[in-house]
Structure formats: C-alpha cells, structure tokens
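From first to last, the protein sequence lines stand for chains A and B. Every number in the numbering used here is 70 more than the matching position in the first sequence, counting from 1. Every number in the numbering used here is 70 more than the matching position in the second sequence, counting from 1.
One or more of the hints may lead you astray.
Unchecked claim - The calculated lysine-lysine pairs, modelled on BS3-like cross-linking and capped at a C-alpha distance of 27 Å, are:
{"id": "1", "chain 1": "B", "residue 1": "Lys498", "chain 2": "A", "residue 2": "Lys418"}
{"id": "2", "chain 1": "B", "residue 1": "Lys228", "chain 2": "B", "residue 2": "Lys78"}
{"id": "3", "chain 1": "B", "residue 1": "Lys228", "chain 2": "B", "residue 2": "Lys189"}
{"id": "4", "chain 1": "A", "residue 1": "Lys418", "chain 2": "B", "residue 2": "Lys228"}
{"id": "5", "chain 1": "A", "residue 1": "Lys268", "chain 2": "B", "residue 2": "Lys100"}
{"id": "6", "chain 1": "B", "residue 1": "Lys148", "chain 2": "B", "residue 2": "Lys100"}
{"id": "7", "chain 1": "A", "residue 1": "Lys425", "chain 2": "B", "residue 2": "Lys262"}
{"id": "8", "chain 1": "B", "residue 1": "Lys100", "chain 2": "A", "residue 2": "Lys418"}
{"id": "9", "chain 1": "A", "residue 1": "Lys371", "chain 2": "B", "residue 2": "Lys498"}
Stated by the list, open to error - Label pairs and their calculated CB-CB ranges:
{"id": "10", "chain 1": "A", "residue 1": "Glu471", "chain 2": "B", "residue 2": "Asn328", "range": "26 to 34 Å"}
{"id": "11", "chain 1": "A", "residue 1": "Asp415", "chain 2": "B", "residue 2": "Asn324", "range": "38 to 46 Å"}
{"id": "12", "chain 1": "A", "residue 1": "Ser304", "chain 2": "B", "residue 2": "Lys418", "range": "20 to 28 Å"}
{"id": "13", "chain 1": "B", "residue 1": "Pro412", "chain 2": "A", "residue 2": "Ala301", "range": "50 to 58 Å"}
{"id": "14", "chain 1": "A", "residue 1": "Arg349", "chain 2": "B", "residue 2": "Asn416", "range": "38 to 46 Å"}
{"id": "15", "chain 1": "B", "residue 1": "Asp415", "chain 2": "A", "residue 2": "Gly123", "range": "50 to 58 Å"}
{"id": "16", "chain 1": "B", "residue 1": "Ser465", "chain 2": "A", "residue 2": "Glu494", "range": "41 to 49 Å"}
Stated by the list, open to error - Computed list of chain B residues with no C-beta within reach of chain A, every gap over 10 Å:
{"id": "17", "residue": "Asp85"}
{"id": "18", "residue": "Ile87"}
{"id": "19", "residue": "Asn218"}
{"id": "20", "residue": "Pro413"}
{"id": "21", "residue": "Leu466"}
Note that these hints are calculated values from the structure, not bench results. None of the values given here were measured: they were computed from a predicted structure. Ideal placement from N, C-alpha and C gives every residue a C-beta, glycine not left out.
Protein chains: 2
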Amino acid sequence: MNIDEFVKERSPERDEISLYSLAFDQLSSKLREEISKNDIDAEPVLVGSVAKGTNLKGSDLDIFIAFSRKYSEKEIEKTGLLLARKAVPSGKARYAEHPYITGNYLGIKTDIVPCYMIKPGEIKVSSVDRTLLHTKYVNENLSDTEKNEVRKLKLFMKAAGIYGADVMTSGFSGYICELLIINKKSFDSVIKDLSNLKGRLRIPEHADLAEFGNSTAIVIDPTDPKRNAAAAVSLESLSKFKIASKLYLNNGFNAVFNRKGRSPELNKRGTVFRLISIRRPDRTEDVLYPQAARVLKKIEKTSFETGFRTIGSLVQLTEKEIRILIEFNREVIPSVIIHEGPPVDNGKSLEFLEKWDSRPILRGPYVMGDRLYVEIESDVINLDRFLISVMEGFSLGGTLESERQSLKIINPTGLGEYKKMMKEYLSKGLFN
Amino acid sequence: MNIDEFVKERSPERDEISLYSLAFDQLSSKLREEISKNDIDAEPVLVGSVAKGTNLKGSDLDIFIAFSRKYSEKEIEKTGLLLARKAVPSGKARYAEHPYITGNYLGIKTDIVPCYMIKPGEIKVSSVDRTLLHTKYVNENLSDTEKNEVRKLKLFMKAAGIYGADVMTSGFSGYICELLIINKKSFDSVIKDLSNLKGRLRIPEHADLAEFGNSTAIVIDPTDPKRNAAAAVSLESLSKFKIASKLYLNNGFNAVFNRKGRSPELNKRGTVFRLISIRRPDRTEDVLYPQAARVLKKIEKTSFETGFRTIGSLVQLTEKEIRILIEFNREVIPSVIIHEGPPVDNGKSLEFLEKWDSRPILRGPYVMGDRLYVEIESDVINLDRFLISVMEGFSLGGTLESERQSLKIINPTGLGEYKKMMKEYLSKGLFN
Chain A
71 MNIDEFVKER
81 SPERDEISLY
91 SLAFDQLSSK
101 LREEISKNDI
111 DAEPVLVGSV
121 AKGTNLKGSD
131 LDIFIAFSRK
141 YSEKEIEKTG
151 LLLARKAVPS
161 GKARYAEHPY
171 ITGNYLGIKT
181 DIVPCYMIKP
191 GEIKVSSVDR
201 TLLHTKYVNE
211 NLSDTEKNEV
221 RKLKLFMKAA
231 GIYGADVMTS
241 GFSGYICELL
251 IINKKSFDSV
261 IKDLSNLKGR
271 LRIPEHADLA
281 EFGNSTAIVI
291 DPTDPKRNAA
301 AAVSLESLSK
311 FKIASKLYLN
321 NGFNAVFNRK
331 GRSPELNKRG
341 TVFRLISIRR
351 PDRTEDVLYP
361 QAARVLKKIE
371 KTSFETGFRT
381 IGSLVQLTEK
391 EIRILIEFNR
401 EVIPSVIIHE
411 GPPVDNGKSL
421 EFLEKWDSRP
431 ILRGPYVMGD
441 RLYVEIESDV
451 INLDRFLISV
461 MEGFSLGGTL
471 ESERQSLKII
481 NPTGLGEYKK
491 MMKEYLSKGL
501 FN
Chain B
71 MNIDEFVKER
81 SPERDEISLY
91 SLAFDQLSSK
101 LREEISKNDI
111 DAEPVLVGSV
121 AKGTNLKGSD
131 LDIFIAFSRK
141 YSEKEIEKTG
151 LLLARKAVPS
161 GKARYAEHPY
171 ITGNYLGIKT
181 DIVPCYMIKP
191 GEIKVSSVDR
201 TLLHTKYVNE
211 NLSDTEKNEV
221 RKLKLFMKAA
231 GIYGADVMTS
241 GFSGYICELL
251 IINKKSFDSV
261 IKDLSNLKGR
271 LRIPEHADLA
281 EFGNSTAIVI
291 DPTDPKRNAA
301 AAVSLESLSK
311 FKIASKLYLN
321 NGFNAVFNRK
331 GRSPELNKRG
341 TVFRLISIRR
351 PDRTEDVLYP
361 QAARVLKKIE
371 KTSFETGFRT
381 IGSLVQLTEK
391 EIRILIEFNR
401 EVIPSVIIHE
411 GPPVDNGKSL
421 EFLEKWDSRP
431 ILRGPYVMGD
441 RLYVEIESDV
451 INLDRFLISV
461 MEGFSLGGTL
471 ESERQSLKII
481 NPTGLGEYKK
491 MMKEYLSKGL
501 FN
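Isolated chain A, as found in the complex:
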C-alpha cells in the first residue's frame, strides 16, 4: 500500500458526506427553531474538520451555538445546554473549560458547544470561541487538493502516535496539520522538512522565538499572531514526528504505518510492578491526566530519595478508574540507612554522639572523612509499605483527593484485569 491508497480508504465517501450534511441541516434547523422561539440572539455554526472538509472517515460532528456577546458567560452556558438538549435529547453534558452536550445523531458522534461570536482581533473569551475563526481561515486558505494533503498528514500523525492536542498525547491538533499544509503546500514537503529539522519547529520559519519562551514547537496562529497554536506539543511528540518522517522517507510507507509492535517477555526484566488505582471522578481526560501525572511524579521523586528506582510508568484512564502503573527496580531496599552527622569540628558533634550512643543503631557512630555517621534501620523496607507511606504523605490534589478512600495499591502481574495495560507497557514502541 502507499499513502494515496491509504488516504483514499480513510476519507469519507460520497454517502458519508451526504449523511453529515443532512445531520447538520436537521440539527441546525432544530436549533434555529428553538432560538427564534425563545427570541435569543445566537446562531448554529458548523465547525471542526467537517466544516473545513479536512475530516477523515467517521469523524465527530462539531456544531457551535454562537451567542451574541451581550450575554454573560453563565447565560450562554445555561441557554446553550438547554438548546443543545432540544436538538440531541439523548445527549449528555460534559464539562471541559465550558460545558457542552455530546451525543449520537444519525449514528454520528455529535458535540454541540455554546460559544461567543468572535471576529478576528476581538478579545477571546474561551478557547472554543476561536474555533469559529480557525474554521473561516482554513476554508479561505486551503484548496481542495490541499485538503487531501491535510488528511494525509493527519493519518501520518495518527500512525506516529502524535495526533491530538489532548494532554495525554501532547501532540498536533487538526488545526496545526492544516496550518502546516497551508505553509508548506504539500504532505511531501512537510515530511521532507521535518526529516531534516534540527531542534525546534518554527512555522512560519521567521517566527520570533523569544516571544514563545521555550516551546518545543512554534506554529503561529494566523487568526491571533500572539498565539502559539503548537504550545501543547511535547518534545517527545516533535521527536516522534521527526523520526517518523525520516523513516517514511528512507524506508517507505510500511515503516511508519505498519511498524511491527514487539511484545517482549515480562519475566526477563527482573523488576517489580505496582499499580495505583483510584476511582475516576466525573471529569474529562484533560483535567484528570495532569493530576494523575502529578501523583506519579511525586511517587517517582520520593522513590528516588528512598532508594527505589522507577524504570518506567504508564498512566491510563478507564471509564471508572485512574490507573498509574509503575515499574520499580526491586521490591525490597536494604533497611540500613547511612545517616550523616555533623562534622567533628562542629559544636554539635558531642551532642550527636550522646544521642546515638543511647539509641538503637545498626552500626557506628563512626568517623568518615571529617564527619560523624551512624547507620540506622530504615522505616521503609518493602515497596508496598513504602508506597502506602508515600501515598499517605501528600495530597492527591484536585478532584483525586476526594476519591482517596478508593485508592488501592495492586501488584498487577498476572492479574487478568490489567493484562492489556501490562501488554501496552511492555510493547511500548516508537509510535505507541
């Protein structure tokens, strides 16, 4: 297979395009009807990849209800949800930066999102407001051929595991794909440039680095030149983009799109795994993932200080559970801790001796170099006791703290429930 065949396979066919068109017509009619019935100053707008004609097969349908700026944020949130529920009665409310309705319409996953009408240069209120401007800009600057190039690039990003601006992926949004094609004209030239790129990505190439701190990727948003559309791109995602581009150019389509996954054996690693499980609060991934990442970081830091070394980790959010999988170098650390006392020159050196001469010790006190030392027994001997004490020692933060009573520390090895996650961890490859 080559990239053109693959894009064709993944692009919506005529039937799907008609169905999306129908769905938007019906939903916008319903919304307009409700809007006029209630005398509201608002308008349904098709946004996202469908509106821009850069969508892949089976994409979401994104409809914004753009309200006049005369309404308060609270008003548009409340009215917006009411209107959206009329259009998609089976929809459910979700809470990101603002609430919205997500549901199924004619078999299409549909999001209906309230926002403000906004014109270029106007002060933005919420990040969703900007979507209207993005839709307009892309439609004015992309030819039909180029829209197909965007789809190629999106599929390439997906294959490289870097498609999506969500916190877990920290990759490239659809809008960045569009801006890359607008800037470089074709998929091939994007790939060629990325395969040769050293250091940061800069679009346009003369973009002022100073203004965007130490962002890994700088893609200036043409609808708001002070904004870096690629601020969320991680160093890892950019690195994957580069190595994927090199592989594609040198080794062809399959090297990226059909890269063989490997599942090496667990029992050769000589390590131990623990899984922290916390019940999932009713929040989106973009809220929960950074909280889980902070908990992980805290565990890693304390482990290092105590003598456990973490080898790798994986955070997953299931519908009901936050899972933090951590691989440790060992299950038990020596109980002996070498406790550093004052230098002998120090006024407190005799005090130190007095203190430890009357306490239980494992060795010492003794002199090493110009200091006193004593070896004492560590409180923390095994990994489970250690993790329990770590987890008790700090706030889980945000919404996780409220779920503390659900916290479990599990040895996932051999448990069917966590088999898939373990496999995902072990088969970590270039693009997954």
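Chain A is fixed; fit chain B onto it per the hints.
Leaving out everything else, chain B in the frame of chain A:
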C-alpha cells in the same frame, strides 16, 4: 581510673628498662665485634622510642647499623643483613623500603636495620636514615616529665585508634607525638588545642600551608624543615583525634579509653556480604594494604556503574590471606538496562532503529524527550556473576596479580572462619 594511673600501668618498670639496656649492650657488642673483625666503617645505634625514653611497656627494640656513606646502597643492604644475622641468628629478613632483620632477643621483639650515617641538612638516602636525626633531636628537646607526657599522648592515640603511621592506620607516629609535646609542652594542652581545632592541624602554628599542598595535618620536621612529618595522617585520623579530645575533655577518661563497643545484629541490615580472598604474597602490610585498597576501589566504582551499591567495606591482612569484605545493597539487580540511543535529530538515528529492530530487546526502541532509547537485558544479574566478571576485567596490580589463581569470592555470612571479621565490621565504632 585516670590518665596518670593508666600511664603508670603502661610504662616500663625498672626491671624492663634494665633488660632493654642489657639487650642493647649485648647486641651492640656483638655487632661491633663483627664490624671490626670485617673492617667495616659502621656503628650500631639505639634508636626509636627506647632510645628516646618515650617507650611504653613491651615496645620493640630498634637498632640501626649506621654505615659510612662511602658504601653503595647494595653494599649496606647485603653487609647489614649479614651483620644483623650474626647478632640475632633466629631473625628473619623483611622487605620494606630496604631489607632488615626482625627477631626475638631476650624475649624482646628486636629489629636490626642497616642505614647511612646522616647529619642534619645532609641529603637523605632512605627514610630510615632520618631516624638517627629524630632520635638525637628528641633527646635534646624533651625533659623527663615531658617524656611521660609523650607516653600519655601515645596511649590516647592508641585508644582513639590513630596511633601509627602505617598505611592501614594512616595515623600519628611516635615521632609526631614527641613533636606535639615539644611544641605544646603537655598532654593536657595538646588535648585542649585539638578539641578546639577547626580544619587542619598545623605545628608550628605559623607553618606555611602552601608548601604542603592539601595535607590534612602539617607537622614540620625540625630536622628537615621541608618535610611534613604528618603527611601520612588521614582526614579520618585527624577527625578521630579531634572528637576523642572533645570526648576526653567533656566526658572524662572512660569516654575515650573505655568506650563501649556495640555489636548490632546482622540480620536487621537487609544487605548482602561478599568477601574477596587472595593468598597473601610475602610482603609487608604497607605494601599490600594499598594494593588491596586499589582492588576494593575498583570493585566499588564498577558496582556503582552497574547498579549495585556498596554500603561498607573492611580490608584485613591475615598471615596467609588478603581479605576484602564488602557489604552490598542487594544480591540481584534488575536485568533491564535502559540503553540511550542518539537524539532523533542525529544522522545516526535511523541506524540505531535498524540495529535494534532486529535484535532481542526487553522494550522499545522508543522516544523519550529528544532521544531514542531501547531497553535491553543486562549481562550481569546477580552479585556473584558480577563480581566474577569485575575481577576478571582488571589487573589486581603489584604482587597480587601473581596470586590471582588463589582468588575466591565467598559469602562470609555464617562462616565460622570469618565470624571475627564480620563482628569487627559490624561493631565499627568511633575509635575502631
């Protein structure tokens, strides 16, 4: 008990003094007889603590045969040994910087050492030559009362585990004790000064630091002002001297002279021990100890790089064996090694992928930050395999390499043979 009672107990009584006197008279007569019989230009001289009257009970008898400088080094070595053997026929040759004879005479351990006659300011040939000058200087500068103060100080140093300039102790020689008393007049003032001393020791106090690099202790040799008599003193020994002085001043005689040893339990440490045993070549401790220390250092360094951490160590020389005892944090390290590849920007990144895509791995290759990584299986999994490979990987150096075939790696825990050494390790205290 107080220090004065203790010194009295440990000082030679009249009978012992007479016996030493008799022994020297007889030995020097024999030597003189042989010297004149063979028409040699040489003279037996009593040196060391007996000659200076600063000896403790049961000390060695040190007799030098001082040769005219007209003889070559080889000549005095050869002739010196022949003469000494006539005086103490049961004596054995020992090889330090130069060979000498050590044996038993009238129940006294006696060393007979050939050297050159040397006068102050003359270029020294061997470090033993200087001993003549030291003996003369001390006798001219110490009163009888002060000689007793030297004995106090020597006993104090012994109690603090820092008496001796040998490599294992790296402490204070008898000559330094004498110089300290000459400089500070009394034991009490030495202890008072040391308990307040911060940083390096300097005798005399105006001694030029620059001339002696970063020596921990600088005690200028009055018979050779360019020489630091305390060059061999380690930071640890000086630190022990300081803390012992503080303890003596604050807590009295028993705090230093009868400091309680503690023998904590082994099984609470959660660690593992290994003992490297090598047959002892026929060399003095001062030659073998640094060689064993180098082997230990090499093992410690490689352990750290591989993931084993060393907690402590102890080197002992028995009559037949060199023993290097090492405590490790664990017996097994994870077999997984995180192997760092090139940055993705690097021209070799695809090469790295190609290489590892076709080799056995434990995980990866994957991207982290701006680099490629792969997790591979370590060759070294358990401590014994690790130690075998380390010991095979470098030369033991010096005379030890010739004994390589005798090298054994032993787990000493529970072995009666090493019980005493283990106990010594575990009961490491302030002054032992």
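A quick look at each hint next to the structure:
no.	hint	verdict
1	Lys498/B - Lys418/A	21 Å, holds
2	Lys228/B - Lys78/B	16 Å, holds
3	Lys228/B - Lys189/B	32 Å, violated
4	Lys418/A - Lys228/B	25 Å, holds
5	Lys268/A - Lys100/B	87 Å, violated
6	Lys148/B - Lys100/B	18 Å, holds
7	Lys425/A - Lys262/B	23 Å, holds
8	Lys100/B - Lys418/A	58 Å, violated
9	Lys371/A - Lys498/B	32 Å, violated
10	Glu471/A - Asn328/B: 26 to 34 Å	56 Å, violated
11	Asp415/A - Asn324/B: 38 to 46 Å	24 Å, violated
12	Ser304/A - Lys418/B: 20 to 28 Å	23 Å, holds
13	Pro412/B - Ala301/A: 50 to 58 Å	27 Å, violated
14	Arg349/A - Asn416/B: 38 to 46 Å	44 Å, holds
15	Asp415/B - Gly123/A: 50 to 58 Å	34 Å, violated
16	Ser465/B - Glu494/A: 41 to 49 Å	48 Å, holds
17	Asp85	39 Å, holds
18	Ile87	36 Å, holds
19	Asn218	28 Å, holds
20	Pro413	8 Å, violated
21	Leu466	26 Å, holds
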